[in-house]
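*Asks:* Following the hints, position chain B against chain A.
So the sequence lines, in the order shown, correspond to chains A and B. The first sequence maps to residues 1 to 231 in the working numbering. The second sequence maps to residues 1001 to 1231 in the working numbering.
Worth flagging that the hints you see were computed from the coordinates, not collected in a lab. Just so you know, even glycine gets a beta-carbon here, dropped at the ideal spot from N, CA and C. Check each hint, because a few of them may be wrong.
[Stated by the list, open to error] Using 30 Å as the maximum straight-line C-alpha spacing, the simulated BS3-like pairs for lysine-lysine come out as follows: (1) B:LYS1151 - A:LYS151; (2) B:LYS1151 - B:LYS1111; (3) A:LYS151 - B:LYS1111.
[Unchecked claim] Footprint (simulated), chain A over chain B, 3 or more residues, beta carbon under 8 Å: (4) 1087-1099; (5) 1167-1178.
[Unchecked claim] Using C-beta positions, here's what the derived DEER-type ranges look like: (6) B:GLU1149 - A:THR157: 17 to 27 Å; (7) B:ARG1136 - A:MET168: 20 to 30 Å; (8) B:ALA1212 - A:GLU201: 34 to 44 Å.
Number of protein chains: 2
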Amino acid sequence: MRILHDLAGAGDCRFSPHCWRAKMALMHKGLEFETSPVPFTGILKILDGSHKTVPVLEDDNMVVSDSFQIALHLEEAYPDRPTLFGGPGGVAAARFVEQWANTMVNAAIVKLIAADIHGRLTPEDQAYFRESRERRFGASLEALAQGREAKVENIRTALTPARRTLEMQPFLGGEGPLFTDYILFGTLQWVRVTSDLEIVETGDTIARWFEACLDLYDGLGRSMEPAGQAA
Amino acid sequence: MRILHDLAGAGDCRFSPHCWRAKMALMHKGLEFETSPVPFTGILKILDGSHKTVPVLEDDNMVVSDSFQIALHLEEAYPDRPTLFGGPGGVAAARFVEQWANTMVNAAIVKLIAADIHGRLTPEDQAYFRESRERRFGASLEALAQGREAKVENIRTALTPARRTLEMQPFLGGEGPLFTDYILFGTLQWVRVTSDLEIVETGDTIARWFEACLDLYDGLGRSMEPAGQAA
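Excised from the complex, chain A in its bound form:
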């Protein structure tokens, strides 16, 4: 059986942007899989203990970590299933989209929602998360969130390349979704299930696209309750 080790908070909240990228990639390929929930403090207990991050995919006798590596593995191992990249040029450019999302978007968002993420974790994870993130960012989670409504405008600006692209084509992958869509989907899903912060305003082209992504694969993304309603 295919198993995806998937970050989980309290109440089995699945919020990791990187894990969502991998789950959507598995669905895109039409592959059956089970998720194995793991808290932050359980990552080092996965399999042989060599993994420092999730997702980790067990596929037959292979173990693959890192969402991009998982997508590459799926593309290579299941070439007859729908493509995740649309050719070698798509693989190369997906790296760019990944690096853009990680450095220009996710890195800015995490500071604004770190306190919200903390609120979704198990008590054991909360202690780990607070200590490690406050050290990394040099401020308390609560201080990071202060005045975040003003800072969210910078994130909307950072999203400009995606917005402009989605004004020209329905998905980042073109007429239909590819892994590039799942990269950014992971980001907005992460915010959706942990926080009531409105990163993308209603009416934004990105909001329209995100709703379409939430509908994919029988609404897998939508099946995870949004933080705004769960609170």
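*Replies:* Same frame as chain A, but now just chain B:
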């Protein structure tokens, strides 16, 4: 004969980032072409006068404008030549790279080098350029350039996704250059031939990649003298 209408300044300086994208795409396809130099104030005199921007490519009986459309045309018209996109996923993601370069990089750079660009133009173009750009940006070209050494740091940050990608693979297109590379090449070449502003520091991975791009196609890019030396 294939003719590319190519923006030209005084002394036949060819600096347009969009025209460089198109020229590199033509070279990539191994196609012979001549360039027809045109000043800003001559664009409306090209062919039937319907074109408001360059590049404009005349290829057989077809006329194509906009560098991305030109690349798409070349990919479709010359499928047996080396691919510019590496498949449909590459086309879709190249749109993202284009929008990123246009909105997050070029839009910031132009303010810092507008006075330098002005210095490279013919007298007639200078009057047009100063008036139109000062109106667009709401400041004099000289005011825009003030303190630009501090502002260039924002551009280096905006280039992070390209830097990270080029730390993982030799070109944005992967092992070799694709149109995505020519998109960003156009940007740095534009700066190189108009300004002595150092957008990318020596030692930056992007500088290494840019030198490799300048060497492509018998050094076509390098054949245009840099502003730092020409001044």
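*Asks:* Next step is simple, just say for each hint if it's right about the structure.
*Replies:* Cross-check of the supplied hints:
| no. | hint | in the structure |
| --- | --- | --- |
| 1 | B:LYS1151 - A:LYS151 | holds, 20 Å |
| 2 | B:LYS1151 - B:LYS1111 | holds, 10 Å |
| 3 | A:LYS151 - B:LYS1111 | holds, 24 Å |
| 4 | 1087-1099 | holds (count 12) |
| 5 | 1167-1178 | holds (count 7) |
| 6 | B:GLU1149 - A:THR157: 17 to 27 Å | holds, 23 Å |
| 7 | B:ARG1136 - A:MET168: 20 to 30 Å | holds, 23 Å |
| 8 | B:ALA1212 - A:GLU201: 34 to 44 Å | holds, 41 Å |
The structure shown violates none of the earlier numbered hints.
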